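Terminal number for the sequence shown in the numbering used here: 665, no gaps in between.
Derived from the structure by calculation, the hints contain no laboratory data.
Treat the hints with care, since some could be wrong.
[What the hints assert, rightly or not] Beta-carbon label-pair distances, calculated as ranges:
1. G593 - L513: 38 to 46 Å
2. M446 - R565: 41 to 49 Å
3. D610 - Q547: 20 to 28 Å
4. D649 - Q436: 35 to 43 Å
5. I634 - L453: 36 to 44 Å
6. T544 - K653: 25 to 33 Å
7. Q547 - F442: 18 to 26 Å
8. T583 - K630: 17 to 25 Å
9. K630 - L433: 32 to 40 Å
Please read all numbers here as calculations on a predicted model, not as lab measurements.
Glycine included, each C-beta is placed from N, C-alpha and C at the ideal position.
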Amino acid sequence: MGVLYIAFVLATGYIFTTLHLPANHKVLKSQGWVPYFHVAMYGFTFFLVALPLLLYLDIKDYARPIAAYLGLRHYHFNEWGVSLNEAKIIVWSICAMFVSTIVGVLSLLLHKLQCIRTWSLKKSVRGDVIDSVIYNNITSNQNKTEGSSFSYISITLKSRKVYVGLCNDTTLSSGGITGIKLTPVLSGFRDKDTLQIKYKTNYFDHYTDHHSDGKEEWNSETFNKFKVIMKMEEVESISLFDIDEYLKFQEKKVPWHPTN
């Protein structure tokens with residue numbers, strides 16, 4: 406029966422880690438035997454959560470009327486080769502799995518909200534430098550309106566293509582970011598010999614001249630038309646991009662600036 410109890414603990418933890426996004430991210434990012442320990446920890450936690458309820462029902466002797474309602478008698482347990490204490494542990498296991506499912510489903514519904522999902526993922530990826538840069542960019546731009554002072558990141562692809570823009574969203578798989586959705590403001594390429602960046606497309610001018618409707622703010626509908634989706638496996642490097650600092654490194658000012 407000991408193996409069965411361990412299986413119940415692992416099943417309980419697996420249910421929760423499958424439904425709860427931060428726990429799922431932690432487990433998938435782990436390697437070796439560590440994921441099993443994480444799953445077991447969550448499972449054991451829900452066993453502890455369910456324990457007070459089971460003890461209360463046992464003290465109040467609610468088990469008898471419940472068993473009578475289900476038509477269970479002592480000889481049934483003898484026929485199954487299960488003692489009364491073992492039956493209590495099985496009920497305890499089922500209750501723990503039920504609680505983990507309820508909590509996991511509630512967490513899944515809450516993480517449908519973009520603000521909670523982004524905050525939770527940002528907290529989960531603090532140990533990964535690249536993931537942290539991406540999620541910090543998403544959260545820093547969430548409450549800003551189009552045309553205001555955004556925060557930007559620069560992404561260099563393995564093809565030497567370069568994009569500067571705002572990260573809007575990501576896709577997750579195997580515990581990490583596998584895709585990035587970016588609204589570009591500049592794009593170009595790195596020279597194959599010097600690796601110096603040469604920007605060829607200026608989206609700032611296009612947003613301002615053609616889709617601002619005579620206002621200073623950019624049109625969010627325009628942003629949606631120019632989103633670029635790229636796979637992380639195609640990304641060579643990611644860095645922060647500050648426009649003012651970039652201009653200081655140029656011999657002369659480039660003819661674009663969001664505050665102009």
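Verification of the hints:
{"no.": "1", "hint": "G593 - L513: 38 to 46 Å", "result": "holds, 41 Å"}
{"no.": "2", "hint": "M446 - R565: 41 to 49 Å", "result": "holds, 44 Å"}
{"no.": "3", "hint": "D610 - Q547: 20 to 28 Å", "result": "holds, 25 Å"}
{"no.": "4", "hint": "D649 - Q436: 35 to 43 Å", "result": "holds, 41 Å"}
{"no.": "5", "hint": "I634 - L453: 36 to 44 Å", "result": "holds, 43 Å"}
{"no.": "6", "hint": "T544 - K653: 25 to 33 Å", "result": "holds, 26 Å"}
{"no.": "7", "hint": "Q547 - F442: 18 to 26 Å", "result": "violated, 34 Å"}
{"no.": "8", "hint": "T583 - K630: 17 to 25 Å", "result": "holds, 24 Å"}
{"no.": "9", "hint": "K630 - L433: 32 to 40 Å", "result": "holds, 33 Å"}
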